[in-house]
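Residue numbers for the first sequence follow our numbering, so the first one is 4 and each next one is one higher.
Hints were generated in silico from the structure; no laboratory data involved. The beta-carbon is built from N, C-alpha and C at its ideal position, and this holds for glycine as well. Please note: incorrect hints may appear among the correct ones.
[Said to hold, decoys possible] Listed below are the simulated SDA-like cross-link pairs for lysine to any residue, each with C-alpha atoms no more than 20 Å apart in a straight line:
| id | residue 1 | residue 2 |
| --- | --- | --- |
| 1 | Lys459 | Ser481 |
| 2 | Lys428 | Gln483 |
| 3 | Lys554 | Asp506 |
| 4 | Lys428 | Tyr558 |
[To be verified] Pair ranges (Cβ atoms, derived):
| id | residue 1 | residue 2 | range |
| --- | --- | --- | --- |
| 5 | Gly455 | Gln307 | 26 to 32 Å |
| 6 | Ala83 | Tyr360 | 50 to 56 Å |
| 7 | Glu509 | Lys428 | 19 to 25 Å |
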Amino acid sequence: MVHFDFQISSGDSEDVDWSDEDEMCSLVSPVAYHVPVITPPTCELSSSGSKISDRFLEMGYPLKVVFRAIEEHGENDEEAILNAILTYLALETLPGEDNHVTSDPHLSDSASTYIEDLSDMNSILESQGQNKYFETMNLLEDMGFSYDEAFAAINRCGCETPIDELVEFIDAANMAKADDLQGLNDIEQLRYGKKQKLDRDERWTYSVKNMQLMIGFGVPNSGMKTVDREIPAAGKGPPYFYYENVAYTPKGVWENMSRFLYEIEPEFVDSMHFSAAARKRGYIHNLPIDGRFPLLPIPPFTIQEALPLTNKWWPKWDQRTKLNCILIRHGSAEDTKKIKEELDKSGPDPPEHVRKYVLEQCRRYNFVWVGKNKVAPLDPDEIEVIMGYSKYHTRGGGISTTARYQCLGNSFQVDTVAYHLSVLKKLFPNGIKVLSLFSGIGGAEVALHKLGIPLKFVVSVESSETCRNILQSWWEQSNQKGKLIHIFDVRDVTLGKLKELMDMTEGFDLVIGGSPCNNLAGRNRYTRDGLYGDQSSLFFDYFRILDLVKKITVYRAYA
DNA sequence: GTGATAATGACGGCGGGG
DNA sequence: CCCCGCCGTCATTATCAC
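The whole structure should be built from the sequences, with the hints applied where relevant.
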């Protein structure tokens, strides 16, 4: 979204000289218009705007192979990149994984669909003669202004406004912004103020600290002064977006995701600050952070408060007050049996080695005490409440117990997400239109609903029938006034489909979702392949769809 | 009895933090 | 250095639907 790259698409445009970007950028002509690109957005901090990925994508190479090759070899050595791509394709694998790339129709389709989408966008813009807006955008960007500065100026003043006046407007806005930044302390300057002057490592210094504390840009009662941050221009809404995934990934994954999601700094938050269970997650979003408030009532913060019946049987030497992360599987009956046998054998005061064994098992499987020397895994009902859903949210309607554990373990902690989304309440008092990707059991929807934000429109993309049924029945039971639309597959969410949907909804206010963590999660012993793994590479569909929504939003504003 | 689905047992390693 | 914790996957067995 950062760059609307300049490209002439009339008949004789095939021989455009791509090697000289600066020359190209100056070639603003009345017939020119811009083509959106899929490259990771580059902001002021990046050394160069990468368009090389587009070239390889246009040649038809699969999306994840292209990105992987560029990641391995940098953006400058074109020959090395091409060799790498050809090598990966010949081997049919990427380094560090053994899945077949060329036999994976999804990503290939995704890339080619995207390219088709771009051509489609070209013809839309061309046929409807919306060139004036892009001309002006071009001109302002060529003058060195960011996309967002140009967007704001044109939005406010209109695209027929003389350039001089637009420039004046931008300068005035920037002066006001600079004034606002006075008086911040060092850490806040690092986070919000002078960020754009710092290099990448320095920028991520705060995230490292963020990762350690796991309180993100603040949690309730943390005593942190909340000041609104400065989001890189390309990342700003509309629409707002909110992306989630596991905090602890193989190295470099969050940096990579942040690079795609407009260089926005992730916030890492442990849901232990919102509930009785730990849940370390990272969130990349462009929401304001000033004025957040928690859902009420505040849920129980300890195991003992959340599950009071366990108190009677809880031994003093088990000092846990917080549960570990809720996972998709529960501990086995066999393990709880062994624990009981060991404790029965050792009497009322078990020796150190027995305590250690029992505690280790309890921590590993999140067991709680339900009788004399008896531990048990959490029930699905209990998990529902701890995760912030109402009891029985996932129960019944043909859903097996195993499936309940599975989809609950994959879901948002509602109180945590609601805290981040709470700033939307005053922005959308009359309701919100949501594109919900990888919706699962509807954590985002439940959070917004609990915040009292009316759901005017929800387009939910979710591949699991079980999860779609759960969301649908919640929708029907929770007195919704709006409309819920289900889509099964992110691959079906093309430019054409999005245009159709956004004509119906008159745009989306929020694009929200967490893409699959299978290949990132620490629990995975077999296929922790990273962001390019079979499931986790669906991240690129999140980015693709978000980026298309941003482009269509701009287009609609000037259509 | 048979195929489908559900439940269960067995299975290391990486990265962060002290 | 050691410690802890992690939105999991695969193979097998048990149970279910017919």
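Against the structure, the hints:
For the proposed pair Lys459 and Ser481, the alpha carbon gap of about 14 Å is at most 20 Å, so the pair holds. Note on Lys428 and Gln483: the hinted pairing holds, with a Cα-Cα distance of about 17 Å set against a maximum of 20 Å. Note on Lys554 and Asp506: the hinted pairing holds, with a Cα-Cα distance of about 14 Å set against a maximum of 20 Å. Using a Cα cut-off of 20 Å, the hinted pair Lys428 and Tyr558 is violated, with the two alpha carbons roughly 26 Å apart.
A C-beta distance of roughly 30 Å is found between Gly455 and Gln307, which places it inside the suggested range of 26 to 32 Å. Here the CB-CB span from Ala83 to Tyr360 is close to 53 Å, well matched to the stated 50 to 56 Å. Between Glu509 and Lys428 the CB atoms are about 20 Å apart, so this pair conforms to the stated range of 19 to 25 Å.
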